[in-house]
Amino acid sequence: MTINRPFVRNSLIMLFCGSALLVSVVLSAIVLIAQTQATFNRLVAERVARSAAVDLFSLLQDAETGQRGYLLTLDPAFLKPYEDAVTQIAQAETKLTNAISALPSHEHDTSQLFSLIEQKLKEMEATVDVAQKGDLQAARRTVSDGAGQDLMTTIRDKMQTIIRASDVAIKNNVSKYDSTSGRLQFIIIAAFIAILVVLGGAIYIIMRHVGSLTQARRELMKLNEELEMRVQERTQDVVRANQEIQRYAYIVTHDLRAPLVNIMGFASELDRSIKDVSAYVLADGAPISQQQVLDARMAVEQDMPEALGFIRSSTSRMDGLINAILKISRDGRRQLKPESLEIKDIAANVVASQQHRIDEVGGEVELALSSLKLFSDRMSIEQILANLVDNAIKYRSADRALRIRIDAVRRGRLVDIIVEDNGRGIEEDDLERVFELFRRAGPQDQRGEGIGLAHVRSLARNLGGEIDVRSVPGKGSAFILTTPTDLTQVLRSMSA
Amino acid sequence: MKANGREVTIVMIEDDEGHARLIEKNVRRAGVHNEIVPFTNGTSALEYILGKDMSGTVSADRYLLILLDLNLPDMSGTEILQHIKENPFTKRLPVVILTTTDDAREIQRCYDLGANVYITKPVDYEGFANAIRQLGLFFSVIEVP
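So the protein lines, in turn, are chains A and B. Residues 1 to 496, numbered by the working numbering, are exactly what the first sequence covers, in order. Residues 1001 to 1145, numbered by the working numbering, are exactly what the second sequence covers, in order.
FYI, nobody ran anything at the bench for these hints, they're computed from the structure. Ideal Cβ placement from N, Cα and C applies to all residues, glycine included. Careful: at least some of the hints might be erroneous.
For each label pair, taking beta carbons as the anchor points, the in silico distance ranges come out as [to be verified]:
# : chain 1 : residue 1 : chain 2 : residue 2 : range
1 : B       : Lys1091   : A       : Lys373    : 55 to 63 Å
2 : B       : Arg1133   : A       : Thr253    : 37 to 45 Å
3 : B       : Lys1091   : A       : Arg378    : 53 to 61 Å
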């Protein structure tokens, strides 16, 4: 399992971009907030300056109103607001100066204003003083003279200028504040979206990563299981092969030892006979008893030919056994040649080659199989089928006419080739034994070495298949050859 | 060798005719002159001992001693042993296993199934002849029911 490198790289880049975006959004929000704060402060300062200016002017107006009222009525009650206003004016002036100096940029012109106010105050004080001394006419004249009025107009103009400038500044700052807050809002919304995107991306990447990890783990587990199964299969094969070799070695040693016992035994018997004969032949004129003559006769006529016969037959039996073992071993080593085969044709050929024997016993063969293609070793399949058909003819039942039925059934990648007969059948205890080397089952009324089915089994296993039998004693047997449809796969997995 | 005053018949189940002949020769040399009935396969031997119907009644009043080879072409010797020892009429018949097999498990199995003596055929003839002679001695002292 390989990790998707471009995927990891892309997701890292995406995560990095998202994070950068987020950081820039946060930074700009901070800058914007600072800007908003500055604008707000400016606005507050401007308002303070404006209200200070308004306050100062209204105090001045209060003082003038009080002065005028006193001059009109000479009622000292009017002097009270006048005097209050005059005392507060200095304070109001300081307030205005401070407020204006607190403003960072735009400079209100207050230089002339304060001297004008001074003049006005002096004019008012003078008139009030004159009136209090009793010269009301002079005081009224001074007022009607218009100098105070002019001063007041100039002051008002100045004040108006300051207030108007303040208003403009306030208006500007308010709209600036508005636009900054709008931008801030936009930035915050953008930040929210960016957070969502980055978070979503991160979750998506994590999920995908976790998903691929889980997938990888599952695949690993599956592989592990398969591996274990394959190991188990192989182990079973090895155990089976080992058991077979042991069984084989056991049979071979026993069967080879049996003729050896004969050879050694009859050689000794021969030796004994020679003694009997030599007692007669090498007597050289010495007297021979009647018994010795009889023994010598017996030895030459019976014992010696018998011993020689057994030695000869045992030797040829040993030779036969060795040849049979060699044949099976050679079959196991023969290079299999997979080719395209039609089972129906092979079965028909095998039956045709034994047709004369089938006719002799009045038998009948039914080729029930339909057309079925195999990719396998022709010689092995032919030999297996020939052996099975030969057995069916040999071990037919004496009570009824021989019937052989050959069929083939496909099972996925395997095919079952079935040779069924109505012969004498095999006892249940002998079902395994019939496949063993040099072993035969049932009445020994037919010639045979006990090699055929052992040979069939070794051929079937070489093809990666198996031979099996089911039988009802007295009714018939069915031999089932199970073999892969494609031998090349078997050969490949064997060499692997 | 007699049982209840009657001659005991030796049933020899041995597929190898040479072995059969050698056994017979050596049994005779050991001074045993009982009738020997040879069989070369298990099917016909069992038929003789248990009868065609495998009931064993044919052996009810026969005095048999069975010499059995384990490796037979048609069935295994242990199977024959089992049949004989399971049958109520034949289970007391003495069975001598005489075979080339010296596998310890096989020997144990035969004794478990009720074999009376187990003898491995030695390849060298002196040993073989000696074993049979001793078997003759055994025959001369054995009581057959």
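> Which of the listed hints are not met by the structure?
Replying inline: 2
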